[in-house]
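Input sequences plus hints: build the corresponding full structure.
Same order as they appear, the protein sequences are chains A and B. Quick note on the UniProt record's numbering: the first sequence kicks off at 1 and runs consecutively. Quick note on the UniProt record's numbering: the second sequence kicks off at 1 and runs consecutively.
Hints are computed from structural coordinates only; laboratory data are not their basis. All of these numbers come straight from a predicted model, not from anything done at the bench. There could be a bad hint or two in this list.
Where chain A lies over chain B, by a calculated footprint (3+ residues, C-beta under 8 Å) [claimed, not checked]:
#1 61-68
#2 100-107
#3 308-322
Beta carbons are placed, not taken as given, at the ideal position from N, Cα and C, and that holds for glycine.
Listed here are the chains, written in short residue letters.
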Amino acid sequence: MSVLVLDTAARFCSACLYDPAADAIRAAREEEIGRGHAERLMGVVADVMDEAGAGFGDLTGLTVTIGPGSFTGIRVGVAAARGIAVARNLPVTGVTTLESLAVQATNETRVEGPFAVLIAGGRGQIFMQHFSAAGEALDEARAMAEDEADKHLRPDCALLVGDAAAGMETDLPTTVDRPVGTIGAVARAARLFEHAPSPLYLRGADAKPQTGFALPRRSDGEDAA
Amino acid sequence: MPTVLGIETSCDETAAAIVRAGAGDARGEILSNIIYSQFGEHARYGGVVPEIAARAHADKLDRVIKAALSEAGTDWDAIDAIAATAGPGLIGGLIVGTMTGKAIALARGKPFLAVNHLEGHALTPRLTDGQPFPYLLLLVSGGHTQMVLVRGLGDYERWATTIDDALGEAFDKTAKLLDLGYPGGPAVEKMASTGDPDRFALPRPLKGEARPDFSFSGLKTALRKTATDLGALTDRDVADLCAGFQKAVTETLEDRVTRSLARYRAEITDISPTLVVAGGVAANKAIRAMLERVCAEHGFAFLAPPMELCSDNAAMIAWAGLERFRRGESDPLDIAPRPRWPLDGDSAPRIGSGRKGAKA
Chain A
1 MSVLVLDTAA RFCSACLYDP AADAIRAARE EEIGRGHAER LMGVVADVMD EAGAGFGDLT
61 GLTVTIGPGS FTGIRVGVAA ARGIAVARNL PVTGVTTLES LAVQATNETR VEGPFAVLIA
121 GGRGQIFMQH FSAAGEALDE ARAMAEDEAD KHLRPDCALL VGDAAAGMET DLPTTVDRPV
181 GTIGAVARAA RLFEHAPSPL YLRGADAKPQ TGFALPRRSD GEDAA
Chain B
1 MPTVLGIETS CDETAAAIVR AGAGDARGEI LSNIIYSQFG EHARYGGVVP EIAARAHADK
61 LDRVIKAALS EAGTDWDAID AIAATAGPGL IGGLIVGTMT GKAIALARGK PFLAVNHLEG
121 HALTPRLTDG QPFPYLLLLV SGGHTQMVLV RGLGDYERWA TTIDDALGEA FDKTAKLLDL
181 GYPGGPAVEK MASTGDPDRF ALPRPLKGEA RPDFSFSGLK TALRKTATDL GALTDRDVAD
241 LCAGFQKAVT ETLEDRVTRS LARYRAEITD ISPTLVVAGG VAANKAIRAM LERVCAEHGF
301 AFLAPPMELC SDNAAMIAWA GLERFRRGES DPLDIAPRPR WPLDGDSAPR IGSGRKGAKA
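Here you go:
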């Protein structure tokens with residue numbers, strides 16, 4: 001089995017080839033590029049395929065991060081994954097950035113109890129989700145105001161994970177100061193979590209229906225005001 | 001015969017098409033042409049919301065591509081190249097379309113072509129009618145109002161463009177002002193058919209000026225002022241305003257187009273000159289009738305591709321890609337989408353210029 005894994009949800013442009021049966025990463029690239037995912041991603045994918053000596057005909061599926069994160073970044077990854085899927089008739093699994101961080105934390109650290117994953121969402125927001133020590137989701141991923149995030153922490157929370165963890169005003173230990181897990185953690189997250197490969201924005205499109213633009217009307221029988 | 005998949009996502013249509021070069025014929029053969037229009041998703045906002053458009057493209061495009069393949073009854077082995085609109089347009093949609101196209105190209109080992117949306121419109125008469133070069137193209141849509149000399153493949157000269165709003169945008173804004181819904185073109189045209197075009201005196205922007213460009217924002221402002229001065233509007237007022245607006249744009253367009261026809265006559269040696277019209281506004285019957293008459297008066301053949309190929313579609317993108325592919329061209333997979341991408345690289349910016357250069 002051979003799963004191509006993509007992540008462009010944050011500042012990394014990453015891909016790896018993962019064998020879930022052997023739990024082995026055959027080849028991986030993680031480039032910290034900030035911007036320009038649309039230009040770089042195909043090169044990263046081609047490098048990974050070359051290094052693993054694999055062809056697209058060998059793939060059995062894809063995994064992609066669906067957010068929350070940069071709207072544009074998420075769409076770069078999702079469009080690429082779905083494009084490869086349609087070209088090779090493959091299934092695509094979506095995993096969230098929060099889930100990938102939870103998997104990385106439980107793999108790297110001995111977690112004693114429930115923990116919170118918190119990442120910076122921009123516009124004064126934090127994206128948050130709680131997981132059990134075994135790595136199971138305890139609630140839904142949510143967006144909340146930065147200065148209110150501490151109120152939403154579970155009382156039994158034992159650890160804070162993610163790039164917004166250090167900014168919390170608590171005495172809890174923190175780990176994995178990243179906006180998304182490593183590409184290996186993304187690959188492994190797909191063994192525990194499975195979403196449709198559709199972007200998870202956690203924020204509306206910021207458009208309001210226009211009102212008051214049109215001029216007033218009256219029926220033809222009425223006198224002009 | 002080369003066969004190309006085209007992808008179009010530059011505005012609010014998610015589209016995919018498969019086009020094959022004609023056998024012993026200059027025309028192309030459209031094997032499928034799928035368009036998913038998002039207008040229902042934008043209607044309540046009175047115009048296209050870029051983030052909503054980007055989200056809808058990301059949700060729909062792969063299914064639209066599958067439908068294009070299945071309707072064409074073809075598989076990937078029969079496709080020779082992948083073409084996707086890379087600009088000009090809304091960046092969110094362009095990213096979804098180009099990434100999907102690049103990913104398919106990489107996963108199937110096919111060449112990728114980053115197509116200029118305007119070039120798609122410009123080459124459509126070759127797809128539909130095998131039109132030989134050169135010819136004059138009038139592109140009138142919600143995003144563009146341009147007169148382009150099409151000399152050859154990749155050889156374009158923008159002769160005129162709007163200095164403010166696009167003509168389709170002026171129709172949309174008129175409809176919005178008069179509460180006629182979105183998209184506004186068909187609604188304004190329908191109301192205009194019952195109105196008196198001479199009741200209100202509206203300006204004919206740039207009419208009579210030597211420069212061949214277009215302008216519609218002054219007309220829009222005049223319409224707003226005229227309508228506001230009436231107080232609450234009756235159905236008759238709305239019909240008369242629409243009729244007056246449509247007459248004003250038709251007359252100013254006639255004046256502008258005539259200048260470019262005269263220039264073509266003076267500069268280009270062509271015994272059978274042709275004016276091609278493309279873009280959604282080409283569906284307006286009054287404008288179309290005027291263009292046919294003006295062409296007849298000036299000895300130009302008038303060519304309007306079928307409506308579904310005049311407005312945004314992916315068949316024209318596949319065809320533009322096919323013409324370039326046939327010539328041995330392709331683009332690298334690290335190419336970036338270009339929200340601003342004038343067809344004629346030398347065009348001086350007229351609007352939205354600033355340091356980023358001409359928009360389109």
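Check your understanding: So which hints don't hold here, by number, going up?
Key -> Of the numbered hints given earlier, the structure breaks just one, which is hint 3.
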